[in-house]
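Residues per chain are reported as follows:
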Amino acid sequence: MDWAIFSFLAADALQNGTIYALLALSLVLVFAVTRVILVPLGEFLVYAPLTYVWFLPPEVSGLNLRGQIPGTAWLAAAMLAGWAFLERKSLRRAGLLALGSLGVLGLAWWGAQGVPLWLGWFLAVLVVLPIGPASYRLFFEPAKNASVLTYLIIAVGLHFAFMGLGLVFFGPEQFRLPAVWSGQTQVGLVPINNQAFLVYGFAFLSALGLYLFFSRSIYGKALRACAVNRYGARLSGISPSQAGYVSFSIATLIACVSGMLLAPLISPAYFQGFLLGLKGFVAGILGGLVSYPLAALGALLVGAMESWAAFQASAYKDAIVFALLLPILFWRSLRSQELGEEE
Amino acid sequence: MNILEVENLSVRYGAVEAVRGLSLRVAEGEAITLIGPNGAGKSSTLKGILGLVQASGTVHYLGETLSRRTPEMLAAVGLVMVPEKRELFASMAVEDNLLLGAFPRFQRRERGIREDLEWVYSLFPRLLERRRQLAGTMSGGEQQMLAIGRALMARPKLLLLDEPSLGLAPLIVQEIFRILGELKARGVTILLVEQNARMALKLADRGYVLEAGELVMEGRGSELLYDPRVIESYLGIRTREAAGG
Ligand SMILES: Nc1ncnc2c1ncn2[C@@H]1O[C@H](COP(=O)(O)OP(=O)(O)O)[C@@H](O)[C@H]1O
Ligand SMILES: [Mg+2]
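As given, the protein sequences belong to chains A and B, one line each in that order. Numbered according to the working numbering, the first sequence spans residues 276 to 618. Numbered according to the working numbering, the second sequence spans residues 972 to 1216.
Just so you know, these hints were derived from the structure itself, not from any lab. Since the model is a prediction, treat every value here as computed from it, not as a measurement. Glycine is no exception: its CB is placed at the ideal position from the N, C-alpha and C atoms. Hints should not be assumed to be uniformly reliable.
[Claimed, not checked] Away from chain B, derived, C-beta distances all over 10 Å, residues of chain A: (1) L371; (2) V400; (3) H434; (4) Q461; (5) F472; (6) F479; (7) Y486; (8) V503; (9) Y506; (10) A508; (11) L510; (12) G512; (13) I513; (14) Y567; (15) M580; (16) Y591.
[Stated by the list, open to error] For lysine-lysine, the following DSBU-like pairs were computed, each having C-alpha atoms within a straight-line distance of at most 30 Å: (17) B/K1173 / B/K1056; (18) B/K1155 / B/K1128; (19) B/K1155 / A/K364; (20) A/K419 / A/K364; (21) B/K1173 / B/K1155; (22) B/K1056 / A/K419.
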């Protein structure tokens, strides 16, 4: 392997690893606060850019979708309406949620009428975003105090449902999206897509933002408190279910924006979320789903493994990455025995 | 005015009825104690009041009937418990633990939180020394002080304490009770659950004695302290316990 190839692989590894890191951070956040392993996070990641395709002018997307409201908007609106129904005892909250449900449809309708690219970009994120916290309210909150396994089963079910809906909403094909920042920049031997720099920038800002949120803001500290000691948090007046909404919302926001930034580089389709999410999960497992720095490190490792494998044995690229899970899980199970039962 | 009125409270876990038809009241400014042997149902009573376990009966707090209640909801309105096992945020700094005790007040954008932090530090100078340390690295006594301090940060209208002396060395227990006395003098209303009957009854204005889930006696703290039945069954037990470690 010469230097040029190595540089190419390294650039590739960094780009993918950064996305896995963002997903891993989100998964760790959600798991720490709610004990839910958010398998459908990858679906949220592809939903946002696929929704954006519906808001693109025909000359950009090459499709004639003018005036069609994307299926994700109906889904988000339906889930918000379901949420409003569950909150029917509090008229104010139910009213706000019903309003939100109509609002999502309104935004999607607006986007479908033809809007500037940048506006469509934000509308796509806004339309998909409610699906995250609404999933928490509709599917996880009712199973309060369930075991990690029960939550995992629900999460896997949701993943299949959202992936299937993705196929219904967007069809099987991959879509080409315009880059927010087009062109390439030569770094050493490697030409890097400018769009990739946006991914790095967003990853850096997210990590910094989360760090400041968790270390400075009382709300961030409350989220940590819920993760550290749920019972203690409740006694201090911190509601674990509110913490659940916040963590699901942050995770969904990170996934949506990651997806929007990554999309021009990968030409998204409905089925791509799962593999991305799973690799984020492998990275998160490296940190035991509790440590943010280890998860980020794991993500870069997964990215590196993947591009190395793609070069050496491209047909087995994904298999090799998932084979990484076995030694990691083995090592972690040894370690958790050393530490004894924590809780 | 009664801050808390509990009527006919019963708590059961499957076939076990841990509390049967318990009624008690706490007036503003009072220090009340609920004493009884291990397994009598003291913790279950507090958990039933807070809505942590299924309970029948009625709970009135500040004149309102609390039908569906959760501890997070009650902490926000000043009914705060210091639990048996302290339940601190072990991997977070001491000061963060204290600030989180005031979380509902931050949400309401209340003023005076910083001043209360200073006040808690003045009550527990040890916490000030260790404010940057992780809560889980402190000694048992310090952790108990932190648990009380965290509850005080909520500006409780009624402070529930579940055996704050449990597992602590006698000197530390005295220190804890000295602080409780100081809180009482400052007008904090207290409902203290204890096995350490002697110290609890000395502190309290009134006391209730719980046995096998039922109230068997109630009276002024000083009366119970010299009641022959209490002396025989509780103040005796303490010496036996101390001997057994
Ligand atoms: N979660 C539980 N499940 C079943 N039984 C319980 C549970 N908690 C307490 N008990 C039982 O209820 C009774 C009262 O317990 P508890 O309220 O903890 O007493 P105390 O605090 O006075 O020591 C005991 O017999 C105990 O075994
Ligand atoms: Mg107890």
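Hint check results:
1. L371: Consistent with the label, A/L371 stays out of reach of chain B, its closest Cβ about 18 Å off (over 10 Å).
2. V400: Correct as stated: the minimum Cβ-Cβ distance to chain B is 27 Å, above 10 Å.
3. H434: holds (30 Å)
4. Q461: holds (45 Å)
5. F472: holds (35 Å)
6. F479: With a cut-off of 10 Å, A/F479 remains clear of chain B, as the shortest Cβ separation is near 25 Å.
7. Y486: Holds, since 15 Å exceeds 10 Å.
8. V503: violated (5 Å)
9. Y506: A/Y506 not clear of chain B: closest Cβ-Cβ about 5 Å, inside 10 Å.
10. A508: About 8 Å separates A/A508 from the closest Cβ of chain B, which leaves it inside 10 Å; violated.
11. L510: violated (5 Å)
12. G512: The claim is violated: A/G512 sits with its nearest Cβ about 3 Å from chain B, within 10 Å.
13. I513: Check fails; 5 Å does not lie beyond 10 Å.
14. Y567: holds (13 Å)
15. M580: holds (31 Å)
16. Y591: Consistent with the label, A/Y591 stays out of reach of chain B, its closest Cβ about 40 Å off (over 10 Å).
17. B/K1173 / B/K1056: Roughly 24 Å between the alpha carbons, so the hint for B/K1173 and B/K1056 holds.
18. B/K1155 / B/K1128: holds (12 Å)
19. B/K1155 / A/K364: violated (40 Å)
20. A/K419 / A/K364: Given that 30 Å is the threshold and the Cα spacing comes to 19 Å, the pair holds.
21. B/K1173 / B/K1155: holds (12 Å)
22. B/K1056 / A/K419: Holds: B/K1056 and A/K419 sit about 23 Å apart, inside 30 Å.
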